[in-house]
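Q: Residues per chain, in single letters:
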Amino acid sequence: MTQVKGTAAVAGQEKLAEGVYSMWIDTEPVAAQAKAGQFVSLYSGDGARLLPRPISICETDKEKGRIRLVYRVAGAGTEEFSRYQEGDTVDILGPLGNGFPLEGMAGKKAFLIGGGIGIPPMLQLAKELDCENQAVLGYRDGELFLKEEFESYASVYVATEDGSAGTKGNVIDAIRENGLKADVIFACGPTPMLRAIKAYALERGIPCYLSLEEKMACGIGACLACVCQSKEVDPHSNVHNKRICKDGPVFKAEEVEL
Amino acid sequence: MNTKVTLAGVELKNPVMTASGTFGSGAEYGQMVDLNKLGAVVTKGVANVPWPGNPTPRIAETYGGMINAIGLQNPGIDVFVKRDIPFLKQYDTKIIVNVCGKTTEDYIEVVERLADEPVDMLEINISCPNVKEGGIAFGQDPKAVEAITREVKKYAKQPVIMKLSPNVTDITVMAKAAEAGGADVLSLINTLTGMKIDIHRKTFAVANRTGGLSGPAIKPVAVRMVYQTAQAVKLPIIGMGGIMNADDAMEFILAGATAVSVGTANFHNPYATQEIGAGIEEYMKRYQVEDINCLIGAVK
Chain A
1 MTQVKGTAAV AGQEKLAEGV YSMWIDTEPV AAQAKAGQFV SLYSGDGARL LPRPISICET
61 DKEKGRIRLV YRVAGAGTEE FSRYQEGDTV DILGPLGNGF PLEGMAGKKA FLIGGGIGIP
121 PMLQLAKELD CENQAVLGYR DGELFLKEEF ESYASVYVAT EDGSAGTKGN VIDAIRENGL
181 KADVIFACGP TPMLRAIKAY ALERGIPCYL SLEEKMACGI GACLACVCQS KEVDPHSNVH
241 NKRICKDGPV FKAEEVEL
Chain B
259 MNTKVTLAGV ELKNPVMTAS GTFGSGAEYG QMVDLNKLGA VVTKGVANVP WPGNPTPRIA
319 ETYGGMINAI GLQNPGIDVF VKRDIPFLKQ YDTKIIVNVC GKTTEDYIEV VERLADEPVD
379 MLEINISCPN VKEGGIAFGQ DPKAVEAITR EVKKYAKQPV IMKLSPNVTD ITVMAKAAEA
439 GGADVLSLIN TLTGMKIDIH RKTFAVANRT GGLSGPAIKP VAVRMVYQTA QAVKLPIIGM
499 GGIMNADDAM EFILAGATAV SVGTANFHNP YATQEIGAGI EEYMKRYQVE DINCLIGAVK
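Chains as they are written, first to last, in my numbering: chain A, 1 to 258; chain B, 259 to 558.
It should be emphasised that the hints constitute simulated quantities derived from the structure, not laboratory data. The beta-carbon is built from N, C-alpha and C at its ideal position, and this holds for glycine as well. Keep in mind that the hints are not guaranteed to be accurate.
What the hints assert, rightly or not - With beta-carbon atoms standing in for the labels, derived distance ranges: (1) A:Glu86 / B:Glu269: 46 to 56 angstroms; (2) B:Arg408 / A:Pro192: 48 to 58 angstroms; (3) B:Ala536 / A:Ala165: 25 to 35 angstroms; (4) B:Arg467 / A:Ser155: 21 to 31 angstroms; (5) A:Ala199 / B:Phe345: 47 to 57 angstroms; (6) B:Val337 / A:Leu180: 19 to 29 angstroms; (7) B:Thr468 / A:Lys231: 22 to 32 angstroms; (8) A:Lys108 / B:Ala373: 47 to 57 angstroms; (9) B:Glu269 / A:Ala199: 36 to 46 angstroms; (10) B:Phe345 / A:Gly75: 30 to 40 angstroms; (11) B:Phe345 / A:Thr7: 22 to 32 angstroms; (12) A:Glu18 / B:Lys262: 56 to 66 angstroms; (13) A:Asp46 / B:Ala536: 21 to 31 angstroms; (14) B:Arg544 / A:Gly75: 49 to 59 angstroms.
As the list claims (entries may be wrong) - Listed below are the simulated DSS-like cross-link pairs for lysine-lysine, each with C-alpha atoms no more than 25 angstroms apart in a straight line: (15) A:Lys215 / B:Lys295; (16) B:Lys340 / A:Lys246; (17) B:Lys295 / A:Lys5; (18) B:Lys295 / B:Lys360; (19) B:Lys347 / A:Lys215; (20) A:Lys231 / B:Lys340.
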């Protein structure tokens, strides 16, 4: 896989929910290689903001050579991105990271669990996975961004913190309330959610893959900013640290300490 | 046109090198940058044993800069010698190993391990602000600077670069102490100690509370310190601190640096090192400079 930093054209942008935006970017080299669960580094046009923002790939359209990023405005950099319109350009590096494993999954019953801004990467996974897909999506409130799009590729179960839609509570509450079962779990979301999912999976002996997030600088494994703790000594770091950007962002649940 | 410069007898094909800690040992950036085009690769600091580094978050962006507190995570000298040196030997560039330690003995152990390895120079990190022991503790007291330099020189088979901290009242005092201890080259500056508060979470933006500020925000401070040091000592200087492009690199060279290191710029532009090398040649063409050495310290 070759990563190239290049300038790409924005193909369109829309607001999906309060603070949540969807942007399509024309980037043939990234789209051609991208796998579900990978991310890209997006660079600000303001020279005072030096570091790229790592953003997960929500969808890939290989025919058009486009990728879709669905992201939350978390600061000045993502706020800048949210103002981009069709025809604007943005510097992009990717695809980065390992992505979710797809091999040997055919025919299994799968949970695709997304919490908040961890929901977007699960959409491309739902499209690529040859499984009986059950998407369990956790939202803050009734702004159920991407939910309808998941319905084409998965049976969808919703949890909301405020109880305004689906199960009141978290994604585990939604799994319990709906009496759901799975042979394999894929998840992306806030650390407390991932911790609960890891415990759920280990208790039941279900293979589980978690996509992690951390502040990043280089995005390619050189700077050692975005490490997570690993259960065993990692062969690259030679300590109990793995690089989320390079060795992840997807890890087997039992590999990492959350 | 000559872009070659010499540091303590080691000839670099051009003055552009990487700043320790931003470039690993080159394997990752080597996918995008032609390492053969760099004057030298300066590795991430390596200690006698593996170090786990600091808790996360380890970095935060600031206006025109960033704060890092990685805490010198490194795999230890054994893995480094087995894996990273052979990797770098594939390329036609000089290898400079950054050495860190908690005690003088730690530094010496690494220096001795490297004595018979094919590395060109050693850069001794006495200026990391993000570890409790070692690092900057050696770099803020002129007696300690002189003593550690002298000890390292006793065991080193390669020329020794002492990397100085800007977190001192007068950097020329530390530069003279390193010179008195027998240093061959100085590199400056390491990061400036800084802090960022996350006002939304009401906590420190990096887990270590303080971290090292780098990037273009610190460049004027770095240029000033390189200039002052160039006036104060006879040793060649590797200048660094916020170099983003060839113009920035030229400022350091004109201020007295023989070579320059590119650090934070790699995160903003993975091709920065290579582009700066090309940009220095363009500068030389534009001003019809035959030899880069004519420009070193040309501004007095």
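Q: Could you run down the list of hints and mark each one as holding or not?
A: Here is what the structure says about each hint:
A C-beta distance of roughly 52 angstroms is found between glutamate 86 of chain A and glutamate 269 of chain B, which places it inside the suggested range of 46 to 56 angstroms. Hint check: arginine 408 of chain B to proline 192 of chain A, Cβ distance near 52 angstroms, so the stated range 48 to 58 angstroms holds. Distance hint for alanine 536 of chain B and alanine 165 of chain A: a CB-CB separation of about 56 angstroms, inconsistent with the stated range 25 to 35 angstroms. Arginine 467 of chain B and serine 155 of chain A have their C-beta atoms about 47 angstroms apart, which leaves the hinted 21 to 31 angstroms range violated.
In this structure the supplied range 47 to 57 angstroms is violated for alanine 199 of chain A paired with phenylalanine 345 of chain B, their Cβ-Cβ distance being about 40 angstroms. The hinted window of 19 to 29 angstroms between valine 337 of chain B and leucine 180 of chain A is violated, with their beta carbons roughly 44 angstroms apart. Evaluation of the 22 to 32 angstroms hint for threonine 468 of chain B and lysine 231 of chain A yields a pass: the beta carbon distance comes to about 30 angstroms. For lysine 108 of chain A and alanine 373 of chain B, the hinted distance range of 47 to 57 angstroms is satisfied, since their beta carbons lie about 56 angstroms from each other.
Between glutamate 269 of chain B and alanine 199 of chain A the Cβ separation comes to about 59 angstroms, which falls outside the hinted range of 36 to 46 angstroms. With their beta carbons about 36 angstroms apart, phenylalanine 345 of chain B and glycine 75 of chain A fall inside the hinted range of 30 to 40 angstroms. In this structure the hint that phenylalanine 345 of chain B and threonine 7 of chain A lie 22 to 32 angstroms apart at CB holds, the actual value being about 31 angstroms. Under the hint 56 to 66 angstroms, the C-beta atoms of glutamate 18 of chain A and lysine 262 of chain B, about 58 angstroms apart, fit the expected range.
Judged by the Cβ atoms, the range 21 to 31 angstroms given for aspartate 46 of chain A and alanine 536 of chain B holds: they are separated by roughly 25 angstroms. For arginine 544 of chain B and glycine 75 of chain A, the Cβ-Cβ distance of about 39 angstroms falls outside the hinted range of 49 to 59 angstroms, so the restraint is violated. Our distance criterion of 25 angstroms between C-alpha atoms is broken by lysine 215 of chain A and lysine 295 of chain B, whose separation comes to about 30 angstroms. Restraint check for lysine 340 of chain B and lysine 246 of chain A: the C-alpha separation of about 21 angstroms stays at or below 25 angstroms, so the hint holds.
For the hint linking lysine 295 of chain B to lysine 5 of chain A, the alpha-carbon distance of about 19 angstroms falls within 25 angstroms, and the restraint holds. For the suggested pair lysine 295 of chain B and lysine 360 of chain B, the alpha carbons sit about 34 angstroms apart, so the restraint of at most 25 angstroms is broken. Between lysine 347 of chain B and lysine 215 of chain A the CA atoms are separated by roughly 32 angstroms; this puts the pair beyond 25 angstroms, and the hint is violated. For a cut-off of 25 angstroms, the pair hint linking lysine 231 of chain A to lysine 340 of chain B stands: about 24 angstroms separates their Cα positions.
Going down the numbered hints, you'll see the structure goes against 3, 4, 5, 6, 9, 14, 15, 18, 19, while the others check out.
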